[in-house]
Amino acid sequence: MKHRISALFLGIALALAAGGGAMAQDKTIKIGVLTDNSGLYSDLGGAGSTLAAQMAVEDSGLAAKGWKIDIVSADHQNKPDIGTTIARQWIDVEKVDIFMDVLNSGVALAVNNVVKEKNAVMINTGAATSDLTNAQCSPNTIHWVYDTYMLANSTGQALVKAGGDTWYFLTADYAFGHALERDTTAVVVKSGGKVIGGVKHPLNSSDFSSFLLQAQASKAKIIGMANAGGDTTNTIKQASEFGIVAGGQKLAGLLLFITDVHSLGLKVAQGLNFTETFYWDLNDGTRAFSKRFSERTKNKAMPSMVQAGVYSGLIHYFKTLEAMGGNPHDGAKVVAKMKETPTDDALFGKGTIRADGRKIHPAYLFEVKKPAESKGPWDYYKLIGTTPGDQAFRPLSESACPLVKK
Amino acid sequence: MQALYAQLLVGLINGSFYALLSLGLAVIFGMLNIINFAHGALYMMGAFCAYFLLNLTGIGYWWALIIAPVAVGIFGMILERTMLQWLAGLDHLYGLLLTFGIALIVQGVFQNYFGSSGLPYAIPDYPEIGGFRGLQGGMNLGFMFLPIYRGWVVVFSLVVCLATWFLIEKTRLGAYLRAATENPTLVRAFGINVPRMITLTYGLGVGLAALAGVLSAPINQVRPLMGADLIIVVFAVVVIGGMGSIMGSIITGFALGVIEGLTKYFYPEASNTVVFVLMVLVLLVKPTGLTGRAA
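Sequences listed follow chains A and B, in order.
The numbering of the first sequence is UniProt numbering, which starts it at 1 and goes up by one.
The numbering of the second sequence is UniProt numbering, which starts it at 1 and goes up by one.
Do not rely on the hints blindly, as some may be mistaken.
What the hints assert, rightly or not - Sample of chain A residues with no beta-carbon within 12 Å of chain B, all distances over it, derived: (1) K65; (2) V72; (3) S73; (4) S191; (5) K200.
Unchecked claim - What follows is a set of in silico ranges between Cβ atoms, one per label pair, in the way DEER data are often shown: (6) I82/A - A3/B: 36 to 42 Å; (7) G248/A - W86/B: 55 to 61 Å; (8) P402/A - N140/B: 53 to 59 Å.
Simulated from the structure, these hints should not be mistaken for lab results.
We treat Cβ as the ideally placed atom computed from N, Cα and C, and that holds for glycine.
Turn these sequences into a full structure, and let the hints guide you.
If you want it as structure tokens, here you go:
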């Protein structure tokens, strides 16, 4: 009996020692791609985001160095409650280390809290709200691709400068639309323009004619579309039907993705101005990645900036973990290390991550080509302006983020 | 005041889609006793059918108005023959679940191949009559700019709705149909092929949905989920109008379009819910719907 008990103790001690040893050089990573797999945003995130994550894992070469990396993916259906439920289950049961994509601002803000509470990591590439790095910033979250402040700043400023000094907003009635309208209004007013009205429409409306008539009656020079996905494409299509652009008013797409332009067709979309931080045809690096990506998608689609962000974010995450020698499974620690390390990848170029979690890179103002200018499918954009990274995003001096030391 | 006229007209335009779709549902429910949840998916198939006709075979909008409803109608009749007919006489719930399942599968298949953002479909630009190129462009009515295409939608769907009503309520064929619903055995005794009539009726209802799909293709993006977004509202229309009432669903369709349009003007945030608020009110006051007969 005595022998048995001491054997048991020895066993436990050995197990603990082994466990402790394993923790120091734990080389397992679990990636969770939380996105809209079936709804209106599934083309710009969805399965393409999961593919981008797979490509990042393959390109990192970590598997050959003894790392074990798993990817799980789930559909949050654009519902914050579903998003948080999945997030809790992923962290508690499936031991997910890092959340990728998490598009939809409502879901992102909710998941942001869970990730912080449970000390995981989120690299958000899909949501737009600039609150993620402002009042709601978190030591566990990096906002990678774009945000409402940047979009407003780039597109808003350019249009006011070009003479569009009166604005009317068509705003999607949820966190994202509100944030985008708020940030754009600030830029318009700062640049000397005026907002003369606006209307908030429910998410996923199919008919915009009522709202467009109100915008038309306002006589504003610019109709700012603070919405996204199917809402934006339907607005643009119906605006052309109601002769809005022909009547001298200009549409400003505050958030448009290449998948939206593809679905509208150049005939309807031509001449639109908007801002993105990634386009497949920017340079050799983006072209090479996009070609590989497109060959692996079902309908040969080029990557959206959200999907490109998943790849770029993970590459930086892998680099950081490799430098740390293992995965400590401590979100805040990893994110702090990621902020110390400059970023560099083929898709977004060289960049940095600020104390508030904002990833910094240039913003590009594009114009949609005329059908005659396009050489083929997916050849859609003309680059008409670049805002350097240090001017594109909200300056730290204006930040309300508690992580920023002033 | 001018803005109000414009909103009323826009409401009428949306109402014509509600009317066409709820009419199809009402015909199917009234004659077959099936709550056809696949209606939205069939509407979407109509729009996709128009897209395929144009992009694969070069057949334009005007032919699509005829071909798409027939093609999707045939698909509907196959559904009826192979699956729905076995549910005759069972509880409504079975038909509802089956058609809902069919809708999910059809939408899933389309989404798998075509994604969620949709495909472009232009307003027809032929034939050229006078200064007009097909249905493109618009005219200034003084109080608003009316796209010609929208005007066409209202007129055309009104004609189709009234023709359907006439067919079912005023013709001999319609009388057979209604009789077959009341007492199929007796009607069969008169030598009328009731199952075939039921199949054709389902095809007609489905064809109406597909027709609405073709009509909406140039206005909305042709998307796999375009019907899913609409179908719930249309069901509310049918419930308000009275399940199975043909004229009730036509009138309610147009009326609700107008009410929704006004809500978009006065309190846009509520425009997606106003129809359901009305539905609750109507059900509280008159559970059979505005024009429904007591079961």
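Hints, verified against the model:
1. K65: holds (36 Å)
2. V72: holds (20 Å)
3. S73: Holds: least Cβ distance 16 Å, greater than 12 Å.
4. S191: For S191/A, whose nearest Cβ neighbour in chain B is about 27 Å away, the distance exceeds 12 Å, so it holds.
5. K200: Violated, because the least Cβ-Cβ distance between K200/A and chain B comes to about 6 Å, which does not exceed 12 Å.
6. I82/A - A3/B: 36 to 42 Å: At roughly 39 Å between Cβ atoms, A3/B and I82/A fall inside 36 to 42 Å, so the hint holds.
7. G248/A - W86/B: 55 to 61 Å: holds (60 Å)
8. P402/A - N140/B: 53 to 59 Å: holds (55 Å)
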